[in-house]
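Construct the entire structure; sequences and hints are all you get.
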Amino acid sequence: MIPIRDVNPTRITPVVTLIVIAACTFVWFFIQGRQDPQEEVRFLYEWAAVGCEITTGEPLTPVELRDDVCHAEPTFPDKDPGIPVLVSSFLPGGTAHLTFKRWSPWILG
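Counting from 785, one number per residue, gives the positions in the sequence shown under the numbering used here.
These are computed hints drawn from the structure, not numbers from a lab. Ideal Cβ placement from N, Cα and C applies to all residues, glycine included. Heads up, a few of these hints could be off.
[Stated by the list, open to error] What follows is a list of derived Cβ distance ranges for each label pair:
{"#": "1", "residue 1": "Phe813", "residue 2": "Pro793", "range": "27 to 33 Å"}
{"#": "2", "residue 1": "Leu849", "residue 2": "Ser888", "range": "29 to 35 Å"}
{"#": "3", "residue 1": "Gly841", "residue 2": "Gln819", "range": "26 to 32 Å"}
{"#": "4", "residue 1": "Gly866", "residue 2": "Val791", "range": "23 to 29 Å"}
{"#": "5", "residue 1": "Glu830", "residue 2": "Ile803", "range": "22 to 28 Å"}
{"#": "6", "residue 1": "Thr839", "residue 2": "Pro793", "range": "41 to 47 Å"}
{"#": "7", "residue 1": "Thr879", "residue 2": "Leu802", "range": "17 to 23 Å"}
{"#": "8", "residue 1": "Leu802", "residue 2": "Gly835", "range": "17 to 23 Å"}
{"#": "9", "residue 1": "Phe813", "residue 2": "Leu892", "range": "33 to 39 Å"}
{"#": "10", "residue 1": "Arg795", "residue 2": "Glu830", "range": "39 to 45 Å"}
{"#": "11", "residue 1": "Thr840", "residue 2": "Leu870", "range": "23 to 29 Å"}
{"#": "12", "residue 1": "Thr883", "residue 2": "Val825", "range": "21 to 27 Å"}
Here it is, written out as structure tokens:
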């Protein structure tokens, strides 16, 4: 059986949970889902967490993107590698990912 709510009753409306679910859904359908493939890749490299950026603390360079290695001049020089860690929490990888990633906060939030 698929749960749709928690067994513990709530007395207040989960406003923050609803805002997060709405924001993620909006980003998926109106920002990520409406782009051509090249723009989507650019959006993801600019806003999503990339392992190399997190471990080095520096944005990726065009050479690193092309060669799939970490070194020199950043592609997005103004990108703070810490922000994408937070932003990536809200970027779904697909419709099923969006559904299941928002289902848990709905049940538990």
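Any hints this thing doesn't respect? Which numbers, in order? 4, 8, 9 and 11
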